[in-house]
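Engineer: For reference, the chains in residue letters:
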Amino acid sequence: MTGSLLFEAIMFLLGAIICVSIAKRLGLSSVIGYLLAGVLIGPYVLGFIGEEGEDILHFAEFGVVMMLFLIGLEIEPKNFWNMRKTILGMGGIQVGGTMLLSYLLFTFLGYDWEVALVISMAVALSSTAIAMQTIKEKGLMETTFGTSAFSILLFQDIIVIFMIGIMPLLSNSNTETETNVHTESVSLIESLPLGLQTIAIILSVVVIIALGRYVIVPMLRKVAKTDVRELLIAAAFLIVFGISFIMELVGISPALGAFLGGVVLSNSEFKHELESTLEPFKNLLLGLFFMAVGASINFIVIAKSPLTIGGVLIAIIILKAVVLFVTGRVFNLKLDQKLLLTFSLSQVGEFAFVLLSFAFGLHILEQEEMDMLLVITALSMALTPIISIVNERFILPKVGTKESIKRPMDHIAKSQKIILVGFGNFGSTVGRFLRSHGVEATILDQDSNRVDFLRKMGFEVYYGDATRLDLLESAGIAEAKIVIIATNRLSVTKAITKIVNEKYPHIELMIRTKNREDAYELLNLGHENFYRESLDTSLALASDVLHKLGFRKYTLKRQVKNFIKYDETSLRRLAKAPKRDEEYIFKARKELKEQEELLDADFKRGIVDFDNHWDSDHIRKALEKSNTKM
Amino acid sequence: MKKILILFAHPKLEKSRVNLALINHIKDKENVTIHDLYEEYPDFHIDVPREQKLLESHDIIIWHHPFYWYSCPPLMKQWIDMVLEFNWAYGPEGKALHNKTCLNAITTGGSKEVYCSAGYNSFTVEQFLRPFEQTANLCGMTYYPPFAVMGTHNLSDEKLNDYKINYGKLIDLLQNNLAINDFEKKSFINDIPQLKIS
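Chains as they are written, first to last, in the working numbering: chain W, 1 to 630; chain U, 631 to 828.
It should be emphasised that the hints constitute simulated quantities derived from the structure, not laboratory data.
This one's a predicted model, so the numbers in the text were calculated from it and none came from an experiment.
Among the clues, some could well be false.
To be verified - Heads up, simulated EDC-like pairs for lysine to aspartate or glutamate below, C-alpha to C-alpha not over 16 Å straight-line: (1) U:Lys815 with U:Glu723; (2) W:Lys222 with W:Asp447; (3) W:Lys625 with U:Glu723; (4) W:Lys621 with U:Asp677; (5) U:Lys707 with U:Asp666; (6) W:Lys503 with W:Glu473; (7) W:Lys138 with W:Glu392; (8) U:Lys642 with U:Glu670; (9) W:Lys621 with U:Asp666; (10) W:Lys565 with U:Glu756; (11) W:Lys576 with W:Glu594; (12) W:Lys565 with U:Glu670; (13) W:Lys561 with U:Glu670; (14) W:Lys561 with U:Asp673; (15) W:Lys557 with U:Asp666; (16) W:Lys557 with U:Glu715; (17) W:Lys553 with U:Asp673; (18) W:Lys494 with W:Asp536; (19) W:Lys565 with U:Glu723; (20) W:Lys565 with W:Glu528; (21) W:Lys503 with W:Glu521; (22) W:Lys561 with U:Asp677.
Could you build the full structure based on these sequences and the hints that come with them?
Structural biologist: Right under this line is the structure:
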C-alpha cells in the first residue's frame, strides 16, 4: 500500500488539511494538528507511512532551517548584538542546569556515566521548531518571554556543535569503526581539536557576513532589475540552500548558519520580499516536520514498558520546567512570562534525534536505550502544545500579571504601525514629517535604485510591489493602523485599496490623488481620505500673487481656507453626478467644460465678499437704520 | 437637566497635567459637550454657523482655559470675535444667547495670594475677568463667578484630585439649578460650601 511517492504525498497533504483545520476550529495550535496527523498516518495507526518516516524527518528539518533564516531576517545585527548577554546568560543557565540535573537523574537510574552524559546533553536541548512556531503563531515574539525563549534556543543551536564534537571522546569502543556510521555528519570541523573548532566557527560566521554584504545583496539587486518574479524566488532558495550547504560542510548546524544569514540580510531592502517568498514554503516544511515527528512515535516500544517511559518522560519534563523557571527567575521575568517560558521549552527537541543516533553510531547507546529515548523525545514534543493549553487556560488567568503595554504620549509613535506605499517626491515628504515626530513608517517602494539610495540616508525602505497581498502581509499590514498610498498611478492605488478593503477593512487608507478626475473615481469607490497633490500648492501660489497686488495676508489665508472648503464640497457634488463620458468625446473638452462650470460657480458665489468678520461697515449701516447708539 | 457646553481652549493640552485631569474627569458626563477649540480649529478658521448652532442648543456655557497673561489663549479670543456676531449675540436683534448662563473655568500658575492689590499681580482674578463678564452681560447672559484652580505649579496630586472631583460636582450642581444666591458675594464659585476644599 505504501511505496508510491505520490500516494504518500497525498496522505501527508490530506492528513495535514483535515487535522490542522480541525485543530484550528477547536482553537488549538496548528502544531497539534500536524502531530496528530502524523500519528494517524504513521505506521502504528493507519499505516499509510512506513519506516521511511525518519528520512522524511531529515528532509523536513529544512523547514527549521528556513524558519531560522526568517527569524534572522527580523533581527537587525544591532539588536542581535544587544541580545548577547541574554543568549549567553539564559542559555548557559538553562543548558548547564538541565544537563547537571538530568545527569544526576540518569546516574541514579543506574546508567554508566558516558550514557548519562549523552542523554543529559540530548535532554538539555529544546525544540526550536515547536517553540518558535507557537510563539510566532501567537504573536509573542516581542514580549520578554519571546526574546528569552529565542535566546535560549539560539544558545542551544551553538552549543550543539560542541556536543557533537565531544561525543567521539566518550566512545569506549574502537574509534576505527565509527567512520562508516553517519558519514554525512563527519565533516571538516569534527576532525579538529576543540580550540580550532571555535576558530573554524568564527571564521564561517565571518564568511557568511561577508557573503551577505558583498555577494548576496548585489546579486539580489541584479535579480530585482530583471523584474522577473520567479527569479527572486529562485534567489531566495539559493541563499538558504547555499548557506546550509556551507554550514554542513563545515559541520555547524545549518539552522544556525541560516539564522546568521538572515541577520545579515535584515538590513537590506529585500527583507520583506524574501520573507513573503519563503514564508509559505517554510510553513509547509515545518508542517511536514511535525507530521514526521508524529509518525515516528514508536508505539511498540511504548507498549513494552509504558510505566518506565511514562515515568522518565514526566521526570524529564518536570526537570526541564524547574530549570527554566529558575532561569526566568534569575533574569527577573514576571510570573506569567516565567510560566510561558517554563511550559513552552520543557520538551526534548529535534536535536536529540541527531545526538542520540550519533551516539548510537558510536556505540555509546544500546538499541533499546535509543528507542526508548527517541520515543520520549517525540512524546515530549507532542505533549508541549497540550501543556501550553493547560497553562494558558487554567494557570495564567489566575496569575493575572499580563505583561502590560504602557503607552504614555511619547510612545504613540512606536506602538502604532503605519505603512507608506511609494517614496517619491510626495511620499518622501510624508515620511520625513512623520519621522520628525518619531513615527517610523514601514515604507514600500518599487524602484530598487531609489530604495538603495534612501536606505543610505537612514530610512527604513523596502523593495517590492505593494499590490501583492503577501508583500503587504509581510510588511505587517495585519497590525497596521493606517496605510498611506503616496503613488501617483491611479491603477496601483485602486489595486491596493481593493486588497486592503477586502482583507483588512478596519485599516484606514490615506490616499494621494493627482487631480479631480482621480478624486471622483476614489469618491465613487467610497474613499473619503484623499489628498489632491496640486490643490494646496496652487492656492499658495495664487494667494502670494494676490498679496503682491496689495491684498492683506491674513485675509488671503482665510480666503484660501474658504476656497478649499468650497471646492471639496463641489467635488463631492460633482462626483455624484452621472458620468458624462458619452457626451464628451475628447477628454480635454470635458475638462474645459468642467473648468467653465467651476469658474461660473465662483463668480456667482462672490467669493471675496462673504467674509465680513472684523468688518464694521455692516454694523454701522444696521445701527443707522434702527437709530440705536452703541 | 440643563445642557452644558464647555468651550475648551488649550494650545498644548498634552502637556497640561491639571487641564487633562479636569477634562478627563467630566468628559463622559451626560448632557455635557466638550468642545476642544484647538482640536477643532488648529488653523483658527472657525466655522461660525456651526458654533452658533452649538451655542443655541446649550443652556450653560463654560469658557474653560488656562489664564495666560491675565486672559484666555488667542483662539478663544478669536472665537469670541467671530462667533458673537452683531445682531445675533448682541445689537438690536441679537437675542440668541439671552437667558443663558456663562462662567469661566480657569487654571493659574500663581496662587490666590498673588492676585490682590498687595500681591505682585496687583489685581484680583475677578478684576481681570471683567471683559468676559461684560461680554456675557452684553449678550444677555447671566455671568457666574469663576471656577479656578490656582497655584498649579505647586499643586499636589491629592489637591488636584480634590479639584477634579469638585469640577464634576460643579457640573452636577449647575445642571440641577444651582440658586444664584448660593454664591452671592463670592469671588469664586469654588467658595460655595458644597465645593469648599479644606
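Engineer: Given the proposed pairing of Lys553 (chain W) with Asp673 (chain U), does the C-alpha separation stay at or below 16 Å?
Structural biologist: 14 Å, holds
Engineer: Given the proposed pairing of Lys576 (chain W) with Glu594 (chain W), does the C-alpha separation stay at or below 16 Å?
Structural biologist: 14 Å, holds
Engineer: Is the hinted pair Lys561 (chain W) and Asp673 (chain U) satisfied, with a Cα-Cα distance of at most 16 Å?
Structural biologist: 9 Å, holds
Engineer: Do the alpha carbons of Lys494 (chain W) and Asp536 (chain W) lie within 16 Å of each other, as the hint requires?
Structural biologist: This hinted pair is violated, its Cα atoms lying about 23 Å apart.
Engineer: Between the alpha carbons of Lys565 (chain W) and Glu756 (chain U), is the straight-line distance 16 Å or under?
Structural biologist: With a Cα-Cα distance of about 41 Å, the restraint between Lys565 (chain W) and Glu756 (chain U) is violated, given a limit of 16 Å.
Engineer: With the threshold set at 16 Å, check whether the alpha-carbon distance from Lys707 (chain U) to Asp666 (chain U) stays at or below it.
Structural biologist: 14 Å, holds
Engineer: Run the distance test for Lys565 (chain W) versus Glu528 (chain W): straight-line Cα separation, threshold 16 Å.
Structural biologist: Distance ~14 Å between Lys565 (chain W) and Glu528 (chain W) Cα, so the pair holds.
Engineer: Given the hint that Lys565 (chain W) pairs with Glu670 (chain U), does the C-alpha gap stay at or below 16 Å?
Structural biologist: 15 Å, holds
Engineer: Are Lys561 (chain W) and Glu670 (chain U) close enough, with their CA atoms no more than 16 Å apart?
Structural biologist: 14 Å, holds
Engineer: Run the distance test for Lys138 (chain W) versus Glu392 (chain W): straight-line Cα separation, threshold 16 Å.
Structural biologist: 12 Å, holds
Engineer: For a C-alpha distance cap of 16 Å, please report whether Lys561 (chain W) and Asp677 (chain U) respect it.
Structural biologist: Status holds; Cα separation ~11 Å.
Engineer: Holds or violated: Lys503 (chain W) with Glu473 (chain W), Cα cutoff 16 Å?
Structural biologist: Measuring from Cα to Cα gives roughly 10 Å; hence the hint holds.
The earlier numbered hints that this structure contradicts are 1, 4, 9, 10, 15, 16, 18, 19, 21.
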